[in-house]
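Trainee: With the hints as extra help, turn the sequences into a complete structure.
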Amino acid sequence: MSHAADPAEVHVDIVVDARGLRCPLPVIRLAEAARDARPGAVIEVWATDPAARADIPAWCRLRHQDYLGEATGPAAADHAAYRVRLAGTG
Amino acid sequence: MHPLARDTLLAAVDAGWADPRRLYAEARTARRLLDQATEVIAAGLGVRPAELSFAPSGAEAVRRAVEGCLHSGRRRGGRLVAGAVEHSAVLAPGRHRASQAGDDGLLQEVPVDRDGRVDVPTFSSAVAAPGTVAAALQHANGEVGTVQPLDEVHAVCRAAGVPLVVDAQASLGRVPAPSAYDVLAGDALSWGGPGGVGVLVVPERTRWSLPGPAGEPGHGRGGEAPWVPLALAAAEAWQQCAAEQAREAAEAFDLVERIRAAAAEVPDVEVMGHPTARLPHVVTFSALYADGEAVVHEFDRRGFSVASGSACTASTLEPSHVLTAMGVLTHGNVRVTLPLGAVAPGRAAAVARFCSALPEVVAAVRSQLGADRL
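Note that the protein sequences, when read in sequence, are chains A and B.
Take the first sequence: its position 16, counting from 1, is numbered 16 in the numbering used here, and each next residue is one higher.
Take the second sequence: its position 77, counting from 1, is numbered 77 in the numbering used here, and each next residue is one higher.
These are calculated hints, taken from the structure and not from any lab test.
Just to be clear, a hint being listed does not mean it is correct.
[As the list claims (entries may be wrong)] Label-pair distances were calculated between CB atoms; the ranges are:
1) ARG301(B) - HIS64(A): 31 to 37 angstroms
2) ASP119(B) - HIS11(A): 34 to 40 angstroms
3) PRO345(B) - ASP17(A): 50 to 56 angstroms
4) LEU4(B) - ARG35(A): 54 to 60 angstroms
5) HIS11(A) - ALA363(B): 36 to 42 angstroms
6) GLY20(A) - SER305(B): 28 to 34 angstroms
7) ASP103(B) - ALA77(A): 24 to 30 angstroms
8) HIS64(A) - GLY102(B): 39 to 45 angstroms
9) LEU4(B) - ALA77(A): 56 to 62 angstroms
10) ARG95(B) - HIS11(A): 34 to 40 angstroms
[As the list claims (entries may be wrong)] Here's a subset of chain A near chain B, in silico, CB distances under 8 angstroms, partners left out:
11) ALA31
12) GLU32
13) ALA33
14) PRO50
15) ASP55
16) PRO57
17) TRP59
All residues carry an ideal CB built from backbone N, CA and C; glycine is no exception.
Mentor: Listed below in structure tokens is the structure:
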């Protein structure tokens, strides 16, 4: 897992709400958002499925995207928020 | 089960039904048969019969193996060091002990690399920490097949004076039995034997005892004798498996290599486990954007029995702790465990059919989720 930047200081461009969805749907929603987004955009995925914790970093590795880590904050109580920076400059 | 072990089991139901602890003629016959079975398995593992005992399952043998080390070392401390991909028979009781005591340090899980191998320097410093009285490591992982660096880990445990429990549930009979251990646990299922026969090896040199009253005197250290027909079937399976091992393992290794290659050719499929330091007969891969449960059903529909470590196939909704610890993709996961050639004579043809079905199964499952264009 790479933590290229402190997730708290990153500007989030797109939020993908995958709460309540089971694997592999959170990763599919992330991939759909990534397909349509500009290079360098930061996507935050909200998920409740425990598998997302392993699978979002794994997707980043397989797709050569930059995994920024899990955001912490008030939202973290009922779901996790994973941040990804798309490859390329934006 | 091996077909000859099955024949032995059926015959032994008539010949070895009696309680081997009694003194009448049938009981003495059962005793003699049980002793012979114990000798065969002990000899195969390179130990003396008195060092071998039985447990109701491989998982129970592993649990006892660890418990006996912890109990023997209780005056020196309570720390257990274990690989992060160990069987739940090690990790679940270890976590329970730690949480009951409110002390996270009672279980230290040593991380693994992406292939599932523990880091030897980390293992070394973990067992050197004060209060460490037991360590546990698999010979090989039953989910991903990766073989652990047992010789190196046993050496660092020796240097620290900490006994090493080796869990060989996935490997016994498939590859040469390990010799680098202080306590060894296994399961007759791995060598084509019947269910219900766990084995536990506690060499004389190892300090090991279970809490509670001492078991019946006789074989091993505290284990009760299994039902005699099961022990006989396990011994017969061992002999058959040992006689064929080198040829069988080479053939299985090549068949698994074909599955690994076929899976790796499908786009966005990740093949897990060490490519060469692995069991001959186990292979695991994960398909991105695929649902593990749907993949299992698609293969089942085509006549293939596969397992999965994906969360959606587990009653807990948690993905496999092995895949998670390795940092690999957990969804769309498929695990194939090849039976022995003697158990499934048509396995080479089945592997060929499996390899040709693999791309269409993955494509079908992805398109069900609308994920075929990602």
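Trainee: Hint compliance check: list the failing hint numbers for this structure, sorted ascending.
Mentor: 13
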